[in-house]
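*Asks:* Here's the letter readout for the chains.
Number of protein chains: 2
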Amino acid sequence: MDDQLSQDLNTIPLLSGLSARTLLQLRGVALRRTYAPGALILLEGDPCAAVFFIVSGQARIYRLSPQGRQQVLATLGPGQGFNTVPPFVPEAFNPASAEAVSETAVLTLRKEDFVSLVRVCPDLSWAILEDFASRLLHLTDLVEDLALRSVRGRLARFLLEQADGLYVTRQWTQDEMAVHLGTVRDVVGRALRSLVDAGLLRIERGRIILLSREGLEAETDS
Amino acid sequence: MDDQLSQDLNTIPLLSGLSARTLLQLRGVALRRTYAPGALILLEGDPCAAVFFIVSGQARIYRLSPQGRQQVLATLGPGQGFNTVPPFVPEAFNPASAEAVSETAVLTLRKEDFVSLVRVCPDLSWAILEDFASRLLHLTDLVEDLALRSVRGRLARFLLEQADGLYVTRQWTQDEMAVHLGTVRDVVGRALRSLVDAGLLRIERGRIILLSREGLEAETDS
DNA sequence: CGCACGCTACGACAAAAGTCAGGTTCACGT
DNA sequence: ACGTGAACCTGACTTTTGTCGTAGCGTGCG
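Keeping their order, the protein sequence lines are chains A and B. Using our numbering, read the first sequence as starting at 1 and increasing by one per residue. Using our numbering, read the second sequence as starting at 223 and increasing by one per residue.
Worth flagging that the hints you see were computed from the coordinates, not collected in a lab. We treat Cβ as the ideally placed atom computed from N, Cα and C, and that holds for glycine. There could be a bad hint or two in this list.
To be verified - Here's a subset of chain B near chain A, in silico, CB distances under 8 Å, partners left out:
(1) Gln289
(2) Pro344
(3) Leu346
(4) Trp348
(5) Ala355
(6) Val365
Please build the complete structure, drawing on both the sequences and the hints.
*Replies:* Written as C-alpha cells, this is what we have:
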C-alpha cells in the first residue's frame, strides 16, 4: 500500500488525515500529473473541471489584466491546494490562472469527486474551512496593501515578510516582486534604490540585507 | 415559539436551516443588539470575541490605513454574517472594522458557541464554505481591480455593477464611492466628470444615467 | 429669511506611478 | 572567446493619482 500515490497523498495535510476507507475511495479517482517549469496549469475563466493539490514543486496563482499585466495572488508549495474555491459556488469558473514555477507534480480530483468527498467527511470540510479562512485574511491584507499603501510601503512590507532575520536569501527578480506588488519592474527598481539611498537596505549579489527593520516598519505606513 | 428571537433567526439563511434541536440550543446563546447609524460595531485588530449576523439594517466592513483612509471590503444587509472568519484561524483577531450604515440589528454568537455549532452541524459548515467561497471570489476581483485597473476603469465597473439597467438610483456620494474604489473623493469627482465628458454618463440630481453600457465596458480595461 | 452644513466643482499643484529608450553587467552555452 | 539573453541601472518623460484651497449650491433648521 505504499506505492507512489500513497506517498503523494501523505504530503498533502488536507487529505492525509482522512479515514482509511475514504483514502481507498480517493485512490480510485485521484490523478497525478506533472508540469514543466513555466507550464500553464489552468487558465482563469475556463469552466472549473478539477481541483489541484501540489505534491512537489511550486505553483504561482495569478490574475491577468487585459493589457497583460499580472497580479500574483499566491505562490504555493507542496501540500497546498488550489482551484478549490469554484466547486462551492453555483457557476464554477477558474478564478485565476496557475502556472508551474519549477518542475511540479500535482494530484487532481474532478470537481464532483472533490465535492462529494467534502460532503461525507467533516474533518475535510473543517480543514477546508480553515484553509479558506486563512486565505481570506491573506487577501484582505493584500487589498489593504493595494488600496492604501504606496509601492514603497508595499515593498517594505514585502521585504520584511520575506526576510529571515535581516537577510532575504531567496533570489527575487524585480519582475517577480513587481507582479507580487501589483506594479511593474521599473517602479520596483526605483523603490528599491530609494530604500537603499535611505540607508534601510543593502543589495548584494544574490541577497538583500535589511539594515534597519525599524526603519522599514516605519516606511510601511503610506 | 415565534417570539422576537425566532423571527430574527428566520431572517438569517445560514442559521434558519438548522435542526429544531440545534435551534433550541442556539436560542440560549444568541444575543440581540442594535446599533445607531454610524455606530462602530467592531474594530480591526481587537481579539475576536463574537460573530455577527445582520437581522435588519446594513453594515459596512472596511479597513483603515494609518493615515485614516478607508477601503470598504463589503457592505452587508439582512441575513449576512461578518467576522465569521477569525474563529477558524489560530490567532483570532478581527480582520476589519464594521460600522452600522443605518439603524442596524444584529444577532451575535460568542466565538466558542459558533465554533461548536459548526462542528456539530454539517449543513452549517457547508453553508459557511459556500459563503467563504463567494467572498474569496469577490475579494479576488477586488484585488484585480486595485492592482490592474485605473480609477477610471474601476469606477466604470462599479457603476455597471450598481446600475439596474441604465439607471443607478441609489444615492451614492462621491465619498462613499471613493472608499469602495480605494481612492479619495476628489479623484472620483474627476473620473466622473471625465466619463460625463466622454458622453458615457449623465448625472441628474439623485441618480446617474448610463448612456452607453458598451462604452463603459470598454473603459473597464485599464 | 439667513445660516450652517454636507456635498460638489474647479483649478493649481505635488507626488507617485507608469512608460520608454539606451546602456551595463553577468551567466551561460556554443 | 564570443555571442546571446536575462536582469538590472539610469535618466527623461507622461500620465495618473493625491492634496489643497477656494468657491458654489442645495437642504434643513432655527
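*Asks:* Work down the list of hints and note, for each, if the structure agrees.
*Replies:* Okay, the hints, checked on the actual structure:
1. Using the Cβ-Cβ criterion of 8 Å, the hint placing Gln289 of chain B at the interface with chain A is satisfied: the shortest such distance is roughly 7 Å.
2. The closest approach between the C-beta of Pro344 of chain B and any C-beta of chain A is roughly 6 Å, which is under the 8 Å cut-off, so the hint is satisfied.
3. Interface hint at Leu346 of chain B: violated, since its Cβ lies 10 Å from the closest Cβ of chain A, which is beyond the 8 Å cut-off.
4. Restraint check, Trp348 of chain B versus chain A: the minimum CB separation of about 7 Å is within 8 Å; hint holds.
5. At a threshold of 8 Å, the smallest CB-CB gap from Ala355 of chain B to chain A is about 4 Å, leaving the interface hint in force.
6. Taking 8 Å as the C-beta contact cut-off toward chain A, the hint placing Val365 of chain B at the interface holds, the least distance being around 6 Å.
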